[in-house]
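Novice: Chains as they are written, first to last, in our numbering: chain A, 1 to 295; chain B, 296 to 643.
FYI, nobody ran anything at the bench for these hints, they're computed from the structure.
A couple of the hints might just be wrong.
No farther apart than 35 Å at their CA atoms in a straight line, the calculated lysine-lysine pairs in the DSBU-like style are these [claimed, not checked]:
id, chain 1, residue 1, chain 2, residue 2
1, A, LYS223, B, LYS514
2, A, LYS282, B, LYS419
3, A, LYS160, A, LYS186
4, B, LYS419, A, LYS30
5, A, LYS223, B, LYS442
6, A, LYS134, A, LYS30
7, A, LYS30, A, LYS282
8, A, LYS186, A, LYS134
9, B, LYS633, A, LYS223
10, B, LYS388, B, LYS442
11, A, LYS186, A, LYS223
12, B, LYS419, A, LYS186
13, B, LYS442, B, LYS593
14, A, LYS160, B, LYS419
15, A, LYS186, A, LYS282
16, A, LYS30, B, LYS514
17, A, LYS30, A, LYS160
18, A, LYS282, B, LYS514
19, A, LYS186, A, LYS163
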Amino acid sequence: MTYFLQYLLIGFLTGGLYSAFAVTVVLVYKATHVASLAHGQILAFGAVFFYWCIAVLQLPISVSFLVALALAGVLGFIIERLTMRPLIGEPLFTSFLMTFAVFMFLDGVFNLYVAGETRFIPPFLPQGNMGIGKLIIAEQRASNFVMTLLPALIVIGFFKYSKVGLRMRATAENHRLAQSAGIRVKNIFSIIWIFSSILAAVAGIGCATIMNIHYPLPYNGLKGLLVALVGGLDSIGGAILAGLLVGVIESLAAGYVDPLTEVGGTSEVVAYVLLLFILLVKPYGLFGLARIERI
Amino acid sequence: MRPCGVFDERYETDMAIIRTWQHWTILLGTIGLLFCIPLFASYYFISLLNGIFITSVMVLGLQIIMGYCGQVSLGQAAFMAVGGFVSALLTLKLGLSFWLALPLSGLSAGLIGLIGGAPSLRVKEFYLAMSTVAIHYVIIWLITHLKITGYTQGLVAPPPAIGNFVFNTEERMYYIILMVTLLLTFYARNLIRGNVGRIFIAIRDNDLAAEVMGVNIFKYKMLAFFVSCFYAGIAGSLLAHWYQIVNVEQFTLNHALLYIGMIIVGGMGSIPGAFFGVFLLRLLDEFVLTVSPMLAHKFPQLGMTPAASLGVMCFGIVLVLFLLYEPRGIAHRWEIFKASYRIYPYRK
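Chain A with its partners taken away, still in its complex shape (with noise of 0.2 Å):
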């Protein structure tokens, strides 16, 4: 039973970060209609600006953290300015393509940068254990859960309470309606695109923190769609449960299933599995608007 619950609490923080990310690609998809996979570059810059920031500057740490999201920011709002604004009025799937090509440059990029290496980013976060009951709880993962998931609640609130939030809501109701209400639906393009960049990079810290630079990060975006794929990319609320139950379910596969196979690494595959068993079952996700279409 302790067991149990262990591998449900360590599932559970990892989730938070998966949650983090899929609240990005959600918020994005909800304004433009594309789902994008820029993002998961933008989460690795965010982690290489901090890193910059801290090891090579060696900056206090709450200021290489914000001069990190602003520079993501800026990273979001030049991508969006460059390559998705001159795509408005085009089949949303060319968009699509676009944010992939933008991940393919980007790749290099970062790439060049790490060129094959892995850099470390100093502990910053509190290092020890903590216990509950018999359960242990590394506090590094604690506050890493709770500094990538916070942002998160911040955006969402911004997105539920604010004027310019209630702007963003009716530009992803319907782009020509918002328009013609008034609303500047090409800087609310743009403002959601800092946004995310921003929440991008604050996952990307946290992933950075667990798992280090080094060339793969960036494909944890890909981790981060299939989250939010999973939880129904029209809804933020399905994008934090689903990242939750996913780390959840990946870390009872690692401690359950690896065992009983010959060579494991079954958790590395469980989300995938996942993913194909829900979009066969629930196409547009677990908590998913079902779209409704016309000729």
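Place chain B on chain A using the hints.
Specialist: Frame of chain A; chain B shown alone:
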């Protein structure tokens, strides 16, 4: 667009793939030239061509599923891996000859592709793309975790042979690869001009409308998946026996993304477009390979081997530019060029 005075007078001429005697001359001339290349070209050039042709087979399959049927598949590299591993297993463990293993590997990849295409029953576009990514990871995971596929080391694939004649050099493999490519190009062109191709295009343009018109969408989507995965399997088998080794590192998700990029650059929904895309991006690769040592020499802070990352970067830039300025790819430019010389001296 036809030149003045060229009309289709019979149904056969209307349906013909090759319409005029000029076409026949150019086609036969090109094929003849391709067959003569090993007589004068260098070893390196031939191996480059081998790579290009194998990739072309792969991309032709992707063109059918993505360019014509409109279903995004990011899992093609995994299906290619299935073909390669099945072919290696059949020749190595069962001792079948390559000539039997080649079509069998295509068929098995196609059948696995049917499983991969099953989500297309319920989802499309982006959702389908992600589900094929999931299938990619599942297949690659299985390959690296099964004993029969040699875990991560992969397998050794013996070179093809007829009697005592072993196809173990680049020139000899070149002829096999060229023949298969020509055959499959013809088959793709033939598939697209007929009933099936029209249905694929209808599904791409509006699947709901196609269903209302009486098309059994699921059947034809599955057919598209089968055919494209068959192509991927054949390409995988050729690759395995060409390198004489098959390993999951040849079939990463990056490869699948690269193939999608080739489709975009070449132009979706065009058979020559597949070749344009492959040629252009391979040329870009070669260019980067020649330039990057100089760059590494000039700017030592780039690291010793910037070629791989610079290649991906250039690939990304080319994709962005194409999507912004010519979303229909080189094939569209090629059509414009053909139309303009056919109606010369007039202009549009």
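Novice: Name the hints, by number, that the structure is in violation of.
Specialist: 6, 8, 9, 13
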